[in-house]
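We have chain L already, so just place chain Z on it with the hints.
As given, the protein sequences belong to chains L and Z, one line each in that order.
First residue of the first sequence? That's 2 in the working numbering, and the numbers climb one at a time after it.
First residue of the second sequence? That's 2 in the working numbering, and the numbers climb one at a time after it.
Each hint can be trusted.
Just so you know, same-sequence chains aren't split out, so a pair can sit in one copy or run between any two.
No farther apart than 25 Å at their CA atoms in a straight line, the calculated lysine-lysine pairs in the DSS-like style are these: (1) K150 with K277; (2) K147 with K277; (3) K274 with K147; (4) K288 with K304; (5) K136 with K94; (6) K94 with K125; (7) K274 with K150; (8) K147 with K288; (9) K136 with K125; (10) K304 with K147.
Honestly, the hints are just simulated from the structure, not real lab data.
Since the structure is predicted, the reported quantities are computational estimates derived from the model, not experimental observations.
There are 2 protein chains.
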Amino acid sequence: MYIEESARLALYAPGEFGKGSSKTAEGVLRYGKNPITCVIDESQVGNSIMSVTRINVDAPIVGTIEEALALGADALLLGTAWNGGAMPDHWRKDIVKAIEGGLDIINGLHDFLENDANIVAAAKKHGKRLFDVRKPPENLPVAAGKVLKEAKHNGQDSLVVLTIGSDCSVGKMTAALEIQRSAAKQRKQAAFVATGQTGIMICGRGIAIDRVIGDFMAGATEMMVLEAAAEAPVVLVEGQGSLAHPGFSGVTMALVHGSCPQAMILCHRPSRKLIKGTDFAISDLSKLISTYESMAAYLRPSKVIAIALNTSDLSELEAQAAIAEVQAQTNLPTTDPVRFSADLLWQAIEDFSLTPANH
Amino acid sequence: MYIEESARLALYAPGEFGKGSSKTAEGVLRYGKNPITCVIDESQVGNSIMSVTRINVDAPIVGTIEEALALGADALLLGTAWNGGAMPDHWRKDIVKAIEGGLDIINGLHDFLENDANIVAAAKKHGKRLFDVRKPPENLPVAAGKVLKEAKHNGQDSLVVLTIGSDCSVGKMTAALEIQRSAAKQRKQAAFVATGQTGIMICGRGIAIDRVIGDFMAGATEMMVLEAAAEAPVVLVEGQGSLAHPGFSGVTMALVHGSCPQAMILCHRPSRKLIKGTDFAISDLSKLISTYESMAAYLRPSKVIAIALNTSDLSELEAQAAIAEVQAQTNLPTTDPVRFSADLLWQAIEDFSLTPANH
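Chain L on its own, in the form it takes in the complex (with noise of 0.2 Å):
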């Protein structure tokens, strides 16, 4: 369950609005279908959304929980994320005042509100909801590769395409809803897959696969490909993290497995030169393409098919540069897919499904 598409959000992102950590406010922003009444960043206060974070939203910047009542708002999103996930302590005020102001509350992070027993009496008191959006469902089954025969929409095998990454937070999520747009533009079905808490406030459903219990994000990430393939002919997986990240490269093996892609699209930021928040090195791209080819393989042939690069924090010319040395390096199609669009990574998609040996 996830609230509904007419309530108008404020967007929590206290002194980090426009930085790496509020990811999931800025991907609320640019692709999702409430209205948007603020966002809370004292520290920003006098900017633009579209100053900040070249996201054409216009909605003011405020200072406080206060502020955003009196624009009207229904729910306050908390919208950064950070490794681990944990919730300030000071945040947890923020919420219970929210609450009292008549605010429902939808939060990703791995810290449930269910489990703050101030927050839960404050909700039931007011009548206020609370979505602990990266909450998983029960009874998750263990994945067996079910993708491969069952994965059909009107009788046809569905395309998977999965996107991976060099690293997290380089556009994977971003890369799959841009496709997605690229897609409708050409009245053509293309299903998005959100295994994330951003992904799922966008699209209303989903598993936040890094929150399920190890034995079940393969499964778990099964479940909704399968589902998604009788929508549409073509289901494109958002997926997390890397595998050559120290941390987080068993939710990507889950989400390799889990899904059984076809077709992988390669995230990368051309400016990051080491693996966030550690000392490893981004590796090389042809390894990475290498790497993930004979992973997916051990369940069916995978390709990459088309890099795309977050150019974010670069010039136009500089992006234009890193995109034409991405491509010279692979030899796949490559873009920017927020500053260029992905009509190239469509058509990447299209061309592969027309090749029979694939599929």
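Relative to chain L, chain Z alone:
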């Protein structure tokens, strides 16, 4: 917290003793420190533990909880495990009966006793303890490859050895424990890191990685390896699953990157042709070796240095032939550590550690 080593155990394996699903009971019989009063399996009454499992433990197989009580048991250990690990309802009645008869309960399944109101009420009323062995600790960290710099024993880098597999249930825990025995025979210290319920029941501590939330699996592993490194110059990490397993590869990946092994021992069951519970073929061992080495190498160079075969379902002649064949194919020291001891595997670890280039 785990039960005292003096507690006398009744091993509960109704209808399953001697089958693959009772590997927890067999592991505790073979390696546990607690005295055993009996095994409970009405389908095996009249047989001996030795005849069913080839394990030399002198205790009867009985059919009921009442008989276990009459034999003076202090605790009932639930001794079977299977994919997904949900607890059958008819067990719950036997568990309540055992509590009423005065037994503590030790449970390694995904379903926790503490979530069953009847069992909790019975335990409270009778002053008995419930051990949910698979329940992970709170506040686990995200892994960051800390083992590389921080796993030290007396100021020297520890040698971390991970057991890996061609499938689940092929002897990864057993190989690690047999290697520890072979080390002890030579008065060498090697610490065992338990990562699954049976290992925890045997050594009294550890974390069941497959029960940990995705984001923290590698972090839990890293934490345990750092603790174990303080205790011994060699750390033997119990592996789980397989990088080729469609359901469990995520757990395996987290163990590889959480433990950062310099050396790995590949465990394999020659008679197994398909991955357990699926119709995927068991991969070629040379390919698996290359996969594990290249995935581990994202954090540091790592080498598969020996092979442990589980030949328990082969004759001695067949076992010797299987060992010779795998040794010829991989050019690595190969043995069945249960049948022929793990001396050869320990020797491979010592040889590896004496080559300065390896660490």
